Amino acid sequence: MFRYWGFGLNILSQLEFPELLPKEFETADVTIELGTIPLKLDGDDIAERPFSSVGEKEYILNIKNVCKYYAGYGTKIIAEPEYGIDEKSIRLFLLGTIMAAILYQRGSLPLHAAAVIKNDKLIIFAGKSGAGKSTLTALLASKGYDIFTDDICVMHSGPAGKQGVYCTASYPMIKLWDDAINHLESSEYSRDYKIRPELPKYGQFFFENFSSNQLPIDKIFIIHPAGRSEKITVTKLTALESFKQLELQAYKNQLILSKKLRMVHFGLLSAITKEVPVFEIYRPAMGTNTKQLYEAIKNLL
Amino acid sequence: MPIRKKTDKIVWLASYPKSGNTWFRAFLTALMNDGKVEINSLVTDGIFSDRRIFDFITELESRDLTDREVKMMIADVYRFLSNQADKLNIIKVHDAFETDDSGFNIIPEDATSCAVYIIRNPLDIVGSLANHSVCSMQEATDMLNDKEFSLAKQTGNLNRNAQFRQHVSDWSSHVNSWTQKPGFPVKVIRYEDMLSKPNETFSQVVEFMGIEATPKQINDAIHASSFEQLSRQEKEKGFAEKTRKSKKFFRTGKMGIWKEELSPAQISEIREKHQEVMRKFSYW
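Chains as they are written, first to last, in our numbering: chain P, 1 to 301; chain X, 302 to 585.
If you're looking for bench data, these hints aren't it; they were derived computationally from the structure.
This one's a predicted model, so the numbers in the text were calculated from it and none came from an experiment.
Don't be surprised by glycine CBs; every beta carbon is placed ideally from N, CA and C.
Take the hints with a grain of salt, since some may be wrong.
Claimed, not checked - Just so you have them, the derived chain P footprint on chain X, three or more residues with Cβ under 8 Å:
no., stretch
1, 449-461
2, 477-485
Stated by the list, open to error - Listed below are the simulated EDC-like cross-link pairs for lysine to aspartate or glutamate, each with C-alpha atoms no more than 16 Å apart in a straight line:
no., chain 1, residue 1, chain 2, residue 2
3, P, Lys-64, X, Asp-368
4, P, Lys-68, P, Glu-80
5, P, Lys-64, X, Asp-377
Isolated chain X, as found in the complex (with noise of 0.2 Å):
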C-alpha cells in the first residue's frame, strides 16, 4: 500500500464545482487501498465546509452563529486539526480562495502543505452543473459567470444545511484566487489531462503530494477510479454526494461535449468573459 506522508499540515483538493474533484478523491482512495475504491466510503478527510466538524472543534452549534461569524472562525478549526493529525490530512474545498470580514484568509496558510487545484474547461462544467443543480444550460451558464455565486447557499446569512454556505464566485475568479493568492504550492492538474494522459498526470500530482507509490499502483488506481467503474457503482448503489434532485452525478466524464450541449450564444458568452484565463490554461 502507498505510504501517506506523516505531517501535520493539510493537502487542499480544490477545484470550482464539477470539475473532477471526486473523481481524483476516487484515485485516492483507490490509490490508498490496493486498486479497490467504494464511492461512498472515499478516504479522503472530509469537505472544508462540514458543519460537523466545525461543531465539534468549536463546542458550538453553528445554526446559532452567523455566516460571517462562521467563516471568522473556521481557519482555526482547520489549523487545530492540523495541529491533531498524525497522517496527511487531504480536505475538499470549493470555496473560492479569500479572507473573513477582518481580511484573515479563511484557508489557514500557516496550517497547509500544498493544495491540488482541479481545474476543467468551462465550457464542460456549464453541462455537469446543470445536470448536478437541476437547472438548464442557461442558468449553469449565469452561474459559471456569478461573482456572487455561492454553494449551500441559506437565505438570511445562517447555516442550517449540513455544510456551510461557500463562495465559490464566477469561475475565473475562482480559478485566479487558489492559482495566485496562496502562500504555499499550489499544483494545478487539469481534468482534461487527467482523461487523455492519466498516468502522467496523476504521476505527479501523487508525487506533489508526497505520496510515495509504485506506477503499478498508480495504474491499478487509474483503472480502478475510471469514470466507468464510478458511473456503474452509483448505479448499483447510489451515490451520498448526489444532490437530491440530480438522477446522477456521475453524468458523461467526456471532454468536448459542450460542443452538443451549449449554444453558440452561451459559448460566446462564456468565451467572452473567461478569455484571459481559458487561454492561460490552454482552454481556447
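With the rest of the complex left out, here is chain P (with noise of 0.2 Å):
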C-alpha cells in the first residue's frame, strides 16, 4: 500500500499517485482501493443522473471507457478501471470530482482555484477551467510567488485558536496546456509528464516547496474567460457579490445535496467576505494572454 498526503488528508492507496506527497501516518483519513462497484446506489434520496448516483454520503460516478468510482462516507473511494485503460486517466479523474465528493462528504469546502504564497497568506484565483487559473499561477511563479495549488483549494475554518478561514493545497503538481507552456517562455515547465496519453497538458510537479500547511487567505480573484468588453476589467465587488460570485465557484458544485452542507459553506462564506477582498476580472472573448492579465492585476497582488 502506498501513502500519501494530498487535499488535507492522509491517504492509504492500492494505486501508486506520484501526484501525491508521500508521507507516514498511523491512521488514514481515506483509503483507495481497486474492487467492484454497483451501477447505483440503493436507498432514499439518491438523485440518479448520466453517469452518476449521488447521495449525502455516498458517490459513484461510471465514465464510459475509462473507470468507475465509488466514493463514500468521507473515507473511501473505490475505482474500477475499464479493461485497457491506463492509470493516469484513472488518477486524473479520481484527483477531481472524485477527491470534491470526498471533501463534501467530509463538509469541506473544496473551491475551483489555484493559489499563490505572499507572506504566508495566499492570493486565490478563482475560475471555471479555460479562465487561466494554472498559466496565470505558473507565470506568478516564474516572478518569485511560491505555488499552493492548483485546480482545487480546500476552505475549512482555521485551526484551533485561530478565527477565519484558511485553506489546504490539494497535491504539489499544476497543470499546463502545451500551449500555455510555450507561451510561459520559461525553462523551469517541462513536456516530461503526459496527464493523459491523449492530451497534450502537463503536469509541473513542485514538491521542493510546497506547502501542506492551512494557510488564511489575503485576497481573491475571480476569473471569467468571456467578457463583452474589448479590455480586462477589474472590480472589487461588495461583499453580498463576493458571496454570491464565491458560492458559484465551488468545484462540482453539483455534487451539494444537504442543506446542512450548504450552512457550512454559508458559513466559511460569509466569513470570508466580511475580511477578504475579492475582485472580478472579465478577460475580453477576443482573447488576452496571461501577460496581459498579469499587467492588469499586478498593483492589486
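Put the two chains together into one complex; each comes in its own frame, and the hints tell you how they fit.
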C-alpha cells in the first residue's frame, strides 16, 4: 500500500499516485482501493444522473470506457477501471470529481481555484476551467511567488485557536497545456509528464517548495474568460456580490445535495466575504494572454 | 402569450450553418415574448455543442476528455435533460445527424419530439459563410463541399473551446443526414419561404412544433424578428453569437445574392457537387 498526503488528508492507497505527497502516518483519513462497484446507489434521496448516482454520503461515477468510481462517507474510494485503461486516466478523474465528492462528504468546501503564497497568506484565483488560473499561477511562480495549489483549494474554518477561514492545498502538481508552456517561455516547465496519453497537457511538480500547511487568505480574484468588453476589467466586489460569486466557484457544486452542507458553506463564505477582498476579472472573449492579465492585476497582488 | 407545449422531449432546430437558424430562434423568442425580441437573450435552450451543459450534467471537465469520448456520452446528457424538463426544450444544432464510434446516434432519438430543419440555397450560404468565417468566397465554397467540414474544430481531437467540435460535413450530406436518417418527424422549412411567404411558413412550423399561437401573434413575431430589426439591434448593442473576427452577424438577409457574389466557376462547382439535393429542394 502507498501512503500520501493530499487535500489535507492522509491517504492510504492501493494505487500509486506520483501526484500526491508521500507521507508516513498511522491512521488514514481516506483509503483508495480497486474493487467492484454497483451500477447505482440504493436508498432514498439519491439523485440519479446519466453517469452518476449521488447521495449525501455516497457517490458513484461511471465514465464510459475509462473507470467507475465509488466515494463513500468521506473515507473510502473504490476504483473499477475499464479493461486496458491507463493509470493516468484513472488518477486524473479520481483527483478531480471523486476527491471533490469525498471533501463534500467530509463537510469541506473545495473551491475551483489555484493559489500562490505571499507573506504566508494566499492569493487565490478562482474560475471555471479555461479561465486561465493555472497559466497565471505558473507565470507568478516565475516571478518569485511560491505555488500553493492548482485547480482545487480546500477551504475550512481555522485551526484551533485561530479565527477566520483557512485553506489547504490539493497536491504539488500544476497542469499546463502545451500552448501555455510555449507562452510562458520558461525552461522551468517541461513536457515530461502527460496527464493523459491523448492530452497535450503536462503536469509540473513542485514538491520542493510545497506547503501542506493551512494558510489564511489575503485576497481572491475570480476570473471569467469571456467578457464582452475589449479590455481586461478588474472590479472589487461588495460583500454580497463576493458571496454570490464565490458560491458559484465551488468545485462540482452539483454534488452538494444536503442542506446541512450548504449551511456549512454559508458560514465559510460569509466569514471570507467579511474579511477578504474579492475582485472579479473579465478577460475579453477576443482573447488576452496571461502576461496582459498579470499587468492588469500586478498592483493589486 | 402562446403556450409552449408541456413535453419532456426535445425539439431540435437543425441547420447547416448560416441557413437562418438564428433568425428562426429570434422569431420564436418574439412569439414567446409578446412580440419582443432581444438578440442577446433568445429564449431557446442553447446549442447541442455547449460544453458547459455537458460538464454540468456529467460532473466532469470535458477538457480532460477527447472529442471521441464526448460524442459517446453526449446523447445520454440530452436524454437526461429531456427527462428533467418541465417544458418544451428547443435546442439548436449544427452537427450532422450521425453516429459516434460505437455506432449510436449522437442525437438521442428516444428523447426527441421532432426536428425543424432549416434549409437554404447553398449558393447563398457561401457569402454568409465567408462573412462569418472571415474567409474568401473560394474558401467558403470549399467548406460547403468538404465532407470533413467542422465548426469549432480543435487541434488534436480536444475540447478546449466553449463549444465542442461539430462535424457538419458537406452541404448535401448535412441535408441528407437530417432529412433521411432520423426516426422522428422532421419538418423542413426553406429560408427562401421564410422570406417570401413568412406567415404561411412560420404558421406551419409553429403548428408542427405544437405551439399554440394566433395568426396575429405569429404576424407580430414575424415583424419583430425581421432582418431590419435584428440588424439594427446588432448595430446598437452587438451580438454575442457573432464570431470574433467577423464584422457583423446579420449581413444582407437576402436571397439570390450569389448572382453578385460568386464567380461562374464557383457556381458550377457547387451545382455540380450538390445537384441532386438542390433539385430535390427546388434550388435548381
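For each hint, the structure was consulted:
Counting residues of the stretch 449-461 of chain X whose C-beta lies closer than 8 Å to any C-beta of chain P gives 4; at least three are required, and the coverage claim holds. Check on the stretch 477-485 of chain X: 0 of its residues sit with their Cβ under 8 Å from a Cβ of chain P, so the three-residue criterion for coverage is violated. Taking the CA atoms of Lys-64(P) and Asp-368(X), the gap is near 13 Å; set against the 16 Å cutoff, the hint holds. For the hint pairing Lys-68(P) with Glu-80(P), the CA-to-CA distance comes to about 5 Å; that is within 16 Å, so the pair holds.
Between the alpha carbons of Lys-64(P) and Asp-377(X) the distance comes to roughly 11 Å, so the proposed pair stays at or under 16 Å and holds.
The earlier numbered hint that this structure contradicts is number 2, and it is the only one.
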